[in-house]
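Could you build the full structure based on these sequences and the hints that come with them?
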Amino acid sequence: MAKVQLSNVVVLDNPSPFLNPFQFELTFECIEDLNEDLEWKMIYVGSAESEEHDQILDTIYVGPVPEGRHMFVFEANPPDVSKIPVEDAVGVTVVLLTCCYRNQEFVRVGYFINNEYTDQELQENPPATPQFDKMTRNILGTEPRVTRFKINWDDSEQPTTSNGIQTTCHENEDSNLQEMDEEVSSLLSSHADNSLSQSPMEVL
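Residue numbers (my numbering): 579 to 782.
Worth flagging that the hints you see were computed from the coordinates, not collected in a lab.
Be aware that one or more of the hints could be misleading.
Derived pair list, reagent style EDC-like, types lysine to aspartate or glutamate, alpha-carbon separation capped at 16 Å [to be verified]:
#, residue 1, residue 2
1, 581, 610
2, 712, 702
3, 581, 645
Shown next, in the form of structure tokens:
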């Protein structure tokens, strides 16, 4: 049984200018004391076509964690715009939150983002060079994609996903990012005909 359950996530300052920091309020339950840190990451997917454009916006460590209910705000600077492909600057992409314990990822939450110009003229005639200071970032807060992994919380057995595949935060980070990008491609494809809303998001 998982010793940590992510019970709620609220997107703060949304929608907001593209260059504003990302802010998420995370609430999680810990069923017993954890002696080691939880490692949280925020990842911006610059392009669904290639993982080379993924950017880890920040990594924070929370712990040791006592039993009980905990809440914190995870804030990170916006992505480095020079690493975002021009053709992917405007439109829908994804931001990911992941959490690991003892180098094992046990939860991943994905959110759709819609980046668009606020000025109607720029919307109709987007400039060849993206003007990120004139864009708005709107995170879809009502349809999260949550993936959970079975891990070894006590070092008594090999950590696996529900399919029996081992997963870690550091040793297999490249393969994890590749898996994320495959998920993102699928998500963006299935989401192409859906509209984005401005509501806050809850993960139960």
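- prompt: Which hint numbers doesn't this structure obey?
  reply: Those not satisfied: there are none.
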